[in-house]
Amino acid sequence: MILDALGRHRWWITRTLALPVHIAGFATVTFFLVRLVPGDPVLSALDSSQGITPEQYHRAAVAMGLDGSIWRQLGRFWAGLVHLDLGTSSVTGRPIWVEIWSRLPETVELVFFGLGGAVLFSMVLGAVLLQVRTGPAYWALRGYARMAGAVPDFALAILGLVLLYSALRVVPAPIGRVDPGMEIPVVTGFPILDCLLTGEWSVLASMVGHLLLPVAVMILVYTPIIWKQFALGLDDSVASPATLFRIASGATRAAIYLSIVRRAGASAVVMVGSMFGALVGGVIVLQQLFSLGGLSQFAIDSVNTVDFLGLQGFLVVLAAVSMIAFFAVDIVNMLLDPRRRPGVNAEG
Amino acid sequence: MLVTTRIRRWVPFIPLAVLVLLALIGPFVVPFQPERVAGAAARPPGDGFLFGTDSTGMDVFSRTIVAARINLLMALLVTLAATAFGVPLGMVIGMNEARRGPLGWFGRAGTRVVDLSDAVPALIVGVVVVGLFGASMASLTVALAILLMPNQIRLTRVEVLKVRHDAYLDAARMAGLSNGRIMVRHVLPNSVRPALENASFVFGLSIIVSASLGFLGLGLRPPTPEWGVMIASGVSDVMLGRWWTALFPALALCVAVASASAAGAAITRLSRSTARR
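Line by line, the protein sequences are chains A and B.
Residue numbers for the first sequence follow the working numbering, beginning at 126 and rising by one.
Residue numbers for the second sequence follow the working numbering, beginning at 13 and rising by one.
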């Protein structure tokens, strides 16, 4: 009985159990990568102008978790991970976990709007392209679709700033999330959500103005990539035997469309999931360009001060975010399409 | 075949060829020294300075042209290294994945590592590597090559898995050819195509990532003429109404990535049409 139930639910149980294993595996790789660095991170973190006593050195090494053999360090690193303890930042003196965690929500929110907008826009364009099959509009759309991956987002953002800020003055200066002097309320850490919750409409309006251009750039740059994937999937599943079977057996038009979209959606979902992971890290360039704060400043400060624990924590957290996104993608995919569950052998 | 169609096939390569030419001869033909003050600061385009001058008085046109050399050379080295190491690794992994023993173990571990590498964006690893190893052209090139190699490994591996059980490999094995010889003579030619087609994507991506690092202030140091560095120092000018210092390197970056992508699409088309023949 119990074994039976386990067998039926094996697909999500094994995937859930694999998630912490993947994160731990990656964290371990990061641990060794960071220790390949030439030079002594303890020495470079200390102020050596007045000479260093062995006690000072030892204290700094303990603070950075760099005392004892490498295996003991690894053991402590793992134990720290379980308690979400990534060490203390040498830049701010606060725990690295707190530094990253306080910046992650606004970054995730920005990516959510950029990527969500791109998904919506690619659906609109897909619908338009189904209606328009000739003429200049068709070729313009085809040309746009070809741009997938061929335009760097921050270069496009510069073009947008020159046009919309310098020339037309329709977007505010790229100097932050809100107009100077405004205070962003903090409830959950997601700035737009917090404005909605507290009813700070003027702050919200200012924030929307400041985020308009960066989000528009993300939508313009990432739509072709999602669209291409979705269009490929649609082409495949429109002509597949499963569709023909539905038509032959007299299903309604709505049921046929639903079945096509459900089968074609899988690859697009994978694409969106992996883009989400990549963008939570990749968006730091846009954040820096528009002075939006978020993870970008922490990353850059850590690099400039060679904050070795900060960089290690940053890499581990971002990889964990990606892996959680992949996990969500896998689960959604296995829900959408049971053939993708492990142990199922069927014609895809 | 008509002469015009034959010529038209080469049209997509023209932008990239022009860029490469500029990268080669650029430093000798630009009107000003790219790292020296050329005239008054913050002059708008025209009037002796085609793209104007930046806030220290360096000529934006000369710098934009000379930067092509650094950005393209680095992208070229990265692409060559990522492909030259990625393809053999992909072949070894693909051929041995299902085996027992240490080679099979290596193959399976390799596949896992390549999958795991998906979890971190290239830019972030770039940021961390620069933070830990310092920014120089050599460290950036090595880091980017390692970062982008999984793309080439994955493509080659999938292709090898397709041809692994083909009859001509069995024939070669029965004829007594050694494993290494089979790989080079038979597996390589039949599985290298996707990685070669993907090379232009790697090229474009490495231009973007290296310029992004420069823009974040983590790549090469100013006043090195590099597009990302130039854009970074030009952003504050944009706010002061001096749009030209950031715009032209940004345009150059877009043009470079787009030409690489156009050339890549053309290579794919060409190789498909020769394959059909």
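FYI, nobody ran anything at the bench for these hints, they're computed from the structure.
Each hint should be verified, as a subset may be incorrect.
As the list claims (entries may be wrong) - Quick list of the computed label-pair ranges, beta carbon to beta carbon:
| no. | chain 1 | residue 1 | chain 2 | residue 2 | range |
| --- | --- | --- | --- | --- | --- |
| 1 | B | D127 | A | R464 | 18 to 24 Å |
| 2 | A | G251 | B | T280 | 33 to 39 Å |
| 3 | A | G132 | B | S148 | 52 to 58 Å |
| 4 | A | R464 | B | R20 | 41 to 47 Å |
| 5 | A | A252 | B | R176 | 57 to 63 Å |
| 6 | B | L92 | A | V295 | 54 to 60 Å |
| 7 | B | P114 | A | V312 | 42 to 48 Å |
Stated by the list, open to error - Sample of chain B residues lacking proximity to chain A, with all beta carbon distances greater than 12 Å (derived):
| no. | residue |
| --- | --- |
| 8 | A29 |
| 9 | A35 |
| 10 | L89 |
| 11 | R124 |
| 12 | V125 |
| 13 | L144 |
| 14 | A184 |
| 15 | M186 |
| 16 | G216 |
| 17 | I219 |
Just so it is clear, CB atoms sit at the ideal spot from N, CA and C, and this is done for glycine as well.
Review point. Taking 41 to 47 Å as the hint, is the beta-carbon distance of R464 (chain A) and R20 (chain B) inside that range?
Key: With Cβ atoms ~44 Å apart, the hint holds.
Point to revise | CB-CB spacing for R176 (chain B) and A252 (chain A) relative to the 57 to 63 Å hint | key: Taking Cβ atoms as reference, A252 (chain A) and R176 (chain B) lie about 42 Å apart, which means the hint is violated.
Exercise for review: May I ask you to test the hint 52 to 58 Å on the CB atoms belonging to G132 (chain A) and S148 (chain B)?
Suggested key: Hint holds: Cβ distance 56 Å, inside 52 to 58 Å.
Check your understanding: Taking 12 Å as the cut and beta carbons as the points, is V125 (chain B) off the interface with chain A?
Key -> Non-interface label fails for V125 (chain B): nearest chain A Cβ at 8 Å, not farther than 12 Å.
Practice item. Against chain A, does A35 (chain B) hold up as non-interface, every C-beta pair farther apart than 12 Å? Key: 18 Å, holds
Review point. Minimum Cβ separation between R124 (chain B) and chain A greater than 12 Å?
Key: The assertion about R124 (chain B) is violated, with a minimum of 8 Å to chain A.
Review point. Is the gap between the beta carbons of D127 (chain B) and R464 (chain A) within 18 to 24 Å?
Key: 21 Å, holds
Practice item. Hey, is L89 (chain B) genuinely clear of chain A, shortest beta carbon separation above 12 Å? Key: 19 Å, holds
Practice item. Mind verifying the non-interface call on M186 (chain B)? Its CB should be farther than 12 Å from each CB in chain A. Key: Label holds. Min Cβ-Cβ 31 Å, cutoff 12 Å.
Review point. Checking the smallest CB distance to chain A, is L144 (chain B) really beyond 12 Å?
Key: 4 Å, violated
Check your understanding: Does the no-contact call for I219 (chain B) survive, Cβ to all of chain A over 12 Å?
Key -> With a cut-off of 12 Å, I219 (chain B) comes too close to chain A, as the shortest Cβ separation is near 8 Å.
Check your understanding: Are all beta-carbon distances from A29 (chain B) to chain A longer than 12 Å?
Key -> At about 17 Å from chain A, A29 (chain B) clears the 12 Å cut-off, so the statement holds.
Taken one by one, the earlier hints fail for this structure at numbers 2, 5, 6, 7, 11, 12, 13, 16 and 17, listed in ascending order.
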